[in-house]
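Following the hints, put chain B in place on chain A, whose structure we already have.
2 protein chains.
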Amino acid sequence: MRLEKIVVVGVGLIGGSFALALKKAGLVGEVAGIGRSRATLDEAMRLGIIDRIGAFDAATLGGADLVLLATPVGQMPLLMQTMAPHLGPQTTITDGGSTKGDVEAAVRQFLPAHLSRFVPAHPIAGAENSGAGAAKADLYVDRKVVLTPLPECDADAIERVRTAWSACGATVHEMTPSRHDQVFAAVSHLPHLLSFALVHDLAQRENREEFFRFAASGFRDFTRIAASHPEMWRDICIANKSALLSELEQYQRQLEELRNALLVGDAVALEAVFAEARTVRRAWAEGKLS
Amino acid sequence: MRLEKIVVVGVGLIGGSFALALKKAGLVGEVAGIGRSRATLDEAMRLGIIDRIGAFDAATLGGADLVLLATPVGQMPLLMQTMAPHLGPQTTITDGGSTKGDVEAAVRQFLPAHLSRFVPAHPIAGAENSGAGAAKADLYVDRKVVLTPLPECDADAIERVRTAWSACGATVHEMTPSRHDQVFAAVSHLPHLLSFALVHDLAQRENREEFFRFAASGFRDFTRIAASHPEMWRDICIANKSALLSELEQYQRQLEELRNALLVGDAVALEAVFAEARTVRRAWAEGKLS
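Sequence order for the protein chains is A and B.
As numbered in my numbering, residues 1 to 290 make up the first sequence, in order.
As numbered in my numbering, residues 1001 to 1290 make up the second sequence, in order.
Chain A with its partners taken away, still in its complex shape:
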């Protein structure tokens, strides 16, 4: 497979790394970049991530083999609407959003003529840094990418997206959008919410400096994801509201159980929870659970 022309909408960490990886794999001809910020696009040109700066017009989108939407998910409906008139029938479209039910809904609403060519995808490759300057060709090596194809999707469109991500070094999985959103609410979205909540809670204290002065390595790891991008995570929470609420409520019940055990000094119950958590966490880290 060869992609003569691809278009990356949003040339940040995700989109930029995708372009660099495909270039390195020798799979791609020209890469056009579209984005909100001219400075970012200029930087992407300078870094060799994109070959030219494009726009939502026929010149850029016409004849493209693949378009990747790599913006925060909240922007995608408007972008789909804007690009719809310029998309040709041979163009496969995909995205890099962290939620998939909302992407499916937006595709059905704003790209109804392209349902068979749109393959929603989620590359599992976050990083503390974002932006074109953080993009790198090996970001996806040994990472997972989840495709959530619609029933209407053409097999060759799925194959094109699958081949592109495999060429980036990723292993490709398939799930339904709703299962995807449930799993990621639990293992990604909820932990981010919990970590943001802890730091925010401490930030409100009088003498907060004294609290933070004694925060050590456990706190550092627990709160690393609280330095994540607020706009991106706002969009993810809103987009995956239903599954995230369900996970949050289950977690709140779990905390209430722990609070009750603490209140009555039930050391046995606490140790049982901690011991099972440790066993499962260690099995996961050793690759014995997945």
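Among the clues, some could well be false.
Covered stretches of chain A (chain B as the covering partner; in silico rule of three or more C-beta atoms under 8 angstroms from a C-beta of chain B) [claimed, not checked]:
(1) 45-51
(2) 187-193
(3) 244-256
(4) 272-286
Derived DMTMM-like pairs: lysine to aspartate or glutamate, alpha-carbon spacing no greater than 25 angstroms straight-line [as the list claims (entries may be wrong)]:
(5) B:Lys1241 with A:Glu174
(6) A:Lys288 with A:Glu174
(7) A:Lys144 with B:Asp1221
(8) A:Lys288 with B:Glu1030
(9) A:Lys144 with B:Asp1057
(10) A:Lys24 with A:Glu4
These are calculated hints, taken from the structure and not from any lab test.
All of these numbers come straight from a predicted model, not from anything done at the bench.
Where a beta carbon is used, it is the ideal one built from N, C-alpha and C, also for glycine.
Chain B alone, transformed into the frame defined by chain A:
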């Protein structure tokens, strides 16, 4: 200052590293080790952490310059009771427990004749690994140690403990026990509880393998402390129950606010919480808060 004879009760990561660091600093003569497990004590001998295996008797404790209790905090009351008859008046006693209000209470109950010589301390140096085999001479370099001396404490006992920890490379702070317990409930004990809770919650799911299969680097960092020692953390939670409950309840209120924001789709409120958390987390990581 020179310590001709010290006794380490519990020769694991904390006690073993203390002994190794003092030896490296040339501050100590003989180190005797006391512990539950003969195998651990033999290993500590083999590794040169201790010079002889002792017991709760006059031969071991009599004439000691310093005794360090480095066991889980739940064991300390019984250990204090057991050692009390054999402690001489010149011996300074300290501990390495993660909670301090309970240690003070135990000292008042079980070592009333030694109030002026007991200096409670908390070295802030956790690690994923535990046991004598994980001990190392540089564990405390650039770490913090918090002393929570009682009002009855002799200045020279405090000075002896302070000098010992400084010789290990640590910076020594002083706080009241109650302030210590409040601060560490917030920045250490609560995050551990939250991390254990998340992993335990996921471990109960049907098809939990599918959840864990897609857990990535954010999850890994958030849950690293869920692999901590269950018995140790059970003891810490029980020992610091009051402050931990207060922190947990405040956190539960914070989660309820986030849940309400999610329920009504209040993107502005969510982003405000996330943005403040990110700002403060970054300032902390850059050393601009502490």
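Hints and how they fare:
1. With 0 residues carrying a beta carbon less than 8 angstroms from a beta carbon of chain B, the segment 45-51 of chain A misses the three-residue requirement, and the given coverage is violated.
2. Look at the segment 187-193 of chain A against chain B: 6 of its residues bring a Cβ nearer than 8 angstroms to a Cβ of that chain, three or more, so the hint holds.
3. Remark: the segment 244-256 of chain A is confirmed as covered by chain B, as 10 of its residues place a Cβ nearer than 8 angstroms to a Cβ of that chain, reaching the required three.
4. Restraint check on the segment 272-286 of chain A versus chain B: 11 residues with Cβ-Cβ distances below 8 angstroms, three needed, restraint holds.
5. A distance of roughly 45 angstroms separates the Cα atoms of Lys1241 (chain B) and Glu174 (chain A); the hinted pair therefore is violated under the 25 angstroms criterion.
6. Using a Cα cut-off of 25 angstroms, the hinted pair Lys288 (chain A) and Glu174 (chain A) holds, with the two alpha carbons roughly 21 angstroms apart.
7. Proximity of Lys144 (chain A) to Asp1221 (chain B) is assessed by CA-CA distance (about 18 angstroms); at most 25 angstroms being required, the pair is judged to hold.
8. Simply put, Lys288 (chain A) and Glu1030 (chain B) have alpha-carbon atoms about 44 angstroms apart, too far for the 25 angstroms limit, and the pair is violated.
9. For a cut-off of 25 angstroms, the pair hint linking Lys144 (chain A) to Asp1057 (chain B) is broken: about 59 angstroms separates their Cα positions.
10. Using a Cα cut-off of 25 angstroms, the hinted pair Lys24 (chain A) and Glu4 (chain A) holds, with the two alpha carbons roughly 14 angstroms apart.
Consistency with the previously given hints fails for numbers 1, 5, 8, 9, ordered from lowest to highest.
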